[in-house]
Amino acid sequence: MPAQPLDRICYVEDDEDIQRIVRMSLERVGKMTVEVVGDPLMAIDRIRAFKPQLVMLDWMMPGLDGPALFAKMRATADVNELPVVFITAKASQRDLDDLRAMGAVGAISKPFSPKDLPDQLRAIWHALP
Amino acid sequence: MDPSNASARISLRQSADPRLVLADRVRQLYSQMPTAIISTLIVSALAVYELREGRYIEILWFWGGLVVMLTLMRTVLYLGYRRSTDKVGDAAQWLRWLGISALAAGATWGFAAAVFFPSHADQQQVFIAFLLAVLVGGGIAIYAVSWPIYALFAAGILFPFNYVLATFGNRLFAEIAFIVPVFYVINVGIAYRLNRVFNSGYRLRHAYGKLTDDYSALNQRLERQLVELDEARRQVEASGRKLALFAERSPIAVFEFDAHGSILSANPAAETLFGYSAAELIGRTGTETLFPSSDRNWIGERWSDLIRKREPLFGLRTEATRRDGATITCEWSLTPLVNAENRVISVIVQGRDITQQLEAERMKQEFTSTLSHELRTPLTSIIGSLQLINSGVLGDIDKDVLELTSIAERNGQRLLDLINDILDIEKIESGKLALFSEPMLLADMVTESLALNRGFADRFKVRLAATGELPPVKVNADRKRLLQVMTNLLSNAAKFSPEGSTVQVSMEMADGTVRVGVGDNGPGIPESFRNRIFGRFAQADMSYTRQKGGTGLGLSICKRLIEMMDGKIGFSDRSGGGTTFWFELPTHR
Chain F
94 MPAQPLDRIC YVEDDEDIQR IVRMSLERVG KMTVEVVGDP LMAIDRIRAF KPQLVMLDWM
154 MPGLDGPALF AKMRATADVN ELPVVFITAK ASQRDLDDLR AMGAVGAISK PFSPKDLPDQ
214 LRAIWHALP
Chain R
759 MDPSNASARI SLRQSADPRL VLADRVRQLY SQMPTAIIST LIVSALAVYE LREGRYIEIL
819 WFWGGLVVML TLMRTVLYLG YRRSTDKVGD AAQWLRWLGI SALAAGATWG FAAAVFFPSH
879 ADQQQVFIAF LLAVLVGGGI AIYAVSWPIY ALFAAGILFP FNYVLATFGN RLFAEIAFIV
939 PVFYVINVGI AYRLNRVFNS GYRLRHAYGK LTDDYSALNQ RLERQLVELD EARRQVEASG
999 RKLALFAERS PIAVFEFDAH GSILSANPAA ETLFGYSAAE LIGRTGTETL FPSSDRNWIG
1059 ERWSDLIRKR EPLFGLRTEA TRRDGATITC EWSLTPLVNA ENRVISVIVQ GRDITQQLEA
1119 ERMKQEFTST LSHELRTPLT SIIGSLQLIN SGVLGDIDKD VLELTSIAER NGQRLLDLIN
1179 DILDIEKIES GKLALFSEPM LLADMVTESL ALNRGFADRF KVRLAATGEL PPVKVNADRK
1239 RLLQVMTNLL SNAAKFSPEG STVQVSMEMA DGTVRVGVGD NGPGIPESFR NRIFGRFAQA
1299 DMSYTRQKGG TGLGLSICKR LIEMMDGKIG FSDRSGGGTT FWFELPTHR
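If you're matching them up, the sequences are chains F and R in order.
Numbering of the first sequence is given in my numbering, commencing with residue 94 and proceeding in unit increments.
Numbering of the second sequence is given in my numbering, commencing with residue 759 and proceeding in unit increments.
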C-alpha cells in the first residue's frame, strides 16, 4: 500500500460534460487535485508535466483510444510506472481482463456515482502493492 | 431317372408326418375288417358244413363257437375303432389290438387244420388244405398294409398245419411240410413288398397334402403381402410426390449429391440461389462449382468424413460462389441416405443463404455496442450531475428544486436499469454472457445484498431482514450476477410490499441444494400472470408498473442467470398473504 494518500489525479476524457462532473466529484467530494486532459494525443506531455499519482483513462476517444494511450504510456519513460484506471461505458469483461493483464490497476463502469467515485479510486489506490 | 428328382421325392416323402402315415395305415387295416369278418363267417360255415361227417363233431361245434366268439370280438374291435375320437394319437394302440385279433383269427384256423386235417378223409383234407391256402392268400389283401400283422395271421394258420403235415407219417405230406414254410416266406415277402408300396404311397399322399396346405398358406400370405406391398407402394409414391413438392417449393436450396460429390439433382431454390439451371448443375462436382477455390480442400475433407461416418452434418457454414462470381455465406445441412447394406446411395444437401442474417447479426451487435456506449455516456452526465446536486456538495438547494432533481435522478436511474437489462437479455440470448463462477459463501452474498438494497427499500418504507440462521454453505456461482439476482428479488419485494412491512430473506438446505427465499407482503401474483411471470417484459399490470417502476425484464434475466448456474427459480404463495420468490443452487462440496 502506498504511503502517500491519493490526492493528485490526471483524467483523460474527450467528453466535456463528464470531464466537469469528474472534476467536481474529485475536487468537491474527494478533495483531490485534478488535471483533466481532453485531447488524448496531448495526454502524455500533460501527465509528465502534472506528475499525478494515478491516471484515469476513458476507453473510447477520438484520435487515440484509451487502450492505445495506455500502451503508449507503458512504452514512455517517466509515465510507464503510473497506475492507470479505466473508466468505460463499453468494455467487455474480456477487454477489462486483458487490460489488467497489461497492468491497468482498475476499471470503473459508466455511469459511475460521483458521490462514490473518490472512494472507489482510494480503494484501488490502497490496494496497490 | 434323374437322381436329383429321385432324391427330391425321397426328401418329399420324408417330409410327411409319420404319425399321420401310421394313422392312415391303421384306417386302411380297419376298413378291411368287415370284409375279413364276413369272409371268415362264410368260409367257417362252409368248413363246418363240409367237415360235419368227421369223428370230432363236438370239437367242430366248439371250433364253430370259437369262430363266432372271435367274430364278435373283432366286430367289437372294429366298432370301437370307428367310434374312437383320436384315431391319430391312438393309432399305435389300435394297430396292436388288430395284430392280436389277426393272430387269434389265424390261430383259430391253425387249430382247425391241426384238429380236422388228421381226422378226415382225403377229400376233406384237400378241402382243408385248399381253404387254408385261400385264407393265407386272401390275408395278403386284408393285412398287406402291415406285413408283421400278416406274418402273425399266416403263422397262426400255417405253423400248426405244417406241424400236422410234418408229423402225419406220410412222405407226400412230409414233403409238403418242407414247401409250406417256403410258401409262408414268399407270402410274407409279398406282404412286405406291398407294405412298403403302401407306406410309400401314404407318405407321398401326406407329403403332397402338406405341400398343398403349405402352398395354400403361402398363397394366402403372398396375397396379403401383395396387398400390403401395393399399399406401401402407394404410400411411397405419395411421400415421393410430397417430397418432390417440398423440394420444388422450398425456399431452401436442396441438392442431391452422389457419394463422390457430383450433383444428381437441384431444386428451383438452388437454381435461383446459385444462378445455374438444374440441367447445368447436374453431373458437376459440387465443391468445384459451388465453393471458392480457397475452401475446396477443407470442404472436401469434411465431405470424405461424412461419407465415411455416414452421419448427418448440420449447421456447416461456408462461403459459396454464385455463377456471377458473388460470394455469399451459406449454412448447410448434409444428410447421407444409406441403404440396408450400409452403402451411401446419395447425400441430400440443404443450403440457406445467411449472408443477410449475418449482416443483421453484425448490425445488431454494433447497435448494442452503440446503445451501450452512446446511451450510457449521456446518462453518466445526467445522473452524475443530479447526484452531485442532490448530494449537497454544491451547497444548499431549494427544497422544490431538490425534489425535482431527485425525481430526475431516479428516472435517469430507471432508464439506466432498462438499458442494462436490455443489454443483459441480448447477451444471454446471443450466448455471449460469460459467467465467472467460483466457490463462495452464499450467506455472505445474501448479507451483502441486504446491505446494498436497504437504501432502496427505505424509499418504500420497507425493512429488509434475514430470518433465522444463514447456514455457512458454499455454492459455485458468479458473485456479481448472483448479487444482481438478489437485488432484483429484493427490489421487487420492497416495491410491492406495503409501507411498514418487512421483506424476509431466508436460507434453507435440502438434499444437495440450498434455497434462498425472499418473502414479501404484497398483493400476491394474479392467477392469469403466474405462467408468464418469468417471461420477457412481464408485468402483471402496466399501470402498476409505471407507478412502481421496473422494466419487466428483471425476473426473466434472473431465471436465465440462475439456470446458467445450474439452479432453479420459482415462487410460492405465503400463508397470510404475499409471495416468496426463491432460487435454488447446488451446494459446492
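Be careful, since some hints might not be right.
[Said to hold, decoys possible] Some chain R residues well away from chain F (every beta-carbon gap over 12 Å; in silico):
no.	residue
1	Met827
2	Tyr839
3	Arg999
4	Glu1059
5	Gly1073
6	Arg1120
7	Lys1122
8	Arg1134
9	Leu1152
10	Ala1209
11	Arg1290
12	Met1322
[To be verified] Selected chain F positions facing chain R (in silico; Cβ < 7 Å):
no.	residue
13	Gln97
14	Arg101
15	Ile114
16	Arg116
17	Glu120
18	Lys124
19	Val127
20	Ala182
21	Pro207
Rather than coming from a laboratory, the hints here were simulated on the basis of the structure.
Everything numeric in this text was worked out from a predicted model, so none of it was measured.
Even for Gly, the Cβ is constructed at its ideal location relative to N, Cα and C.
Verification of the hints:
1. Met827: Holds, because the least Cβ-Cβ distance between Met827 (chain R) and chain F comes to about 119 Å, which exceeds 12 Å.
2. Tyr839: Non-interface label on Tyr839 (chain R) holds, nearest chain F Cβ at 101 Å vs cutoff 12 Å.
3. Arg999: holds (53 Å)
4. Glu1059: holds (32 Å)
5. Gly1073: holds (25 Å)
6. Arg1120: holds (16 Å)
7. Lys1122: holds (16 Å)
8. Arg1134: violated (4 Å)
9. Leu1152: violated (7 Å)
10. Ala1209: holds (14 Å)
11. Arg1290: holds (31 Å)
12. Met1322: It holds; Met1322 (chain R) is separated from chain F by about 15 Å at its closest Cβ, greater than 12 Å.
13. Gln97: violated (24 Å)
14. Arg101: violated (20 Å)
15. Ile114: holds (4 Å)
16. Arg116: Interface hint status for Arg116 (chain F): violated (11 Å vs cutoff 7 Å).
17. Glu120: violated (10 Å)
18. Lys124: violated (10 Å)
19. Val127: Violated: closest Cβ of chain R sits about 14 Å from Val127 (chain F), beyond 7 Å.
20. Ala182: holds (4 Å)
21. Pro207: Hint on Pro207 (chain F): holds, closest Cβ of chain R at ~5 Å, below 7 Å.
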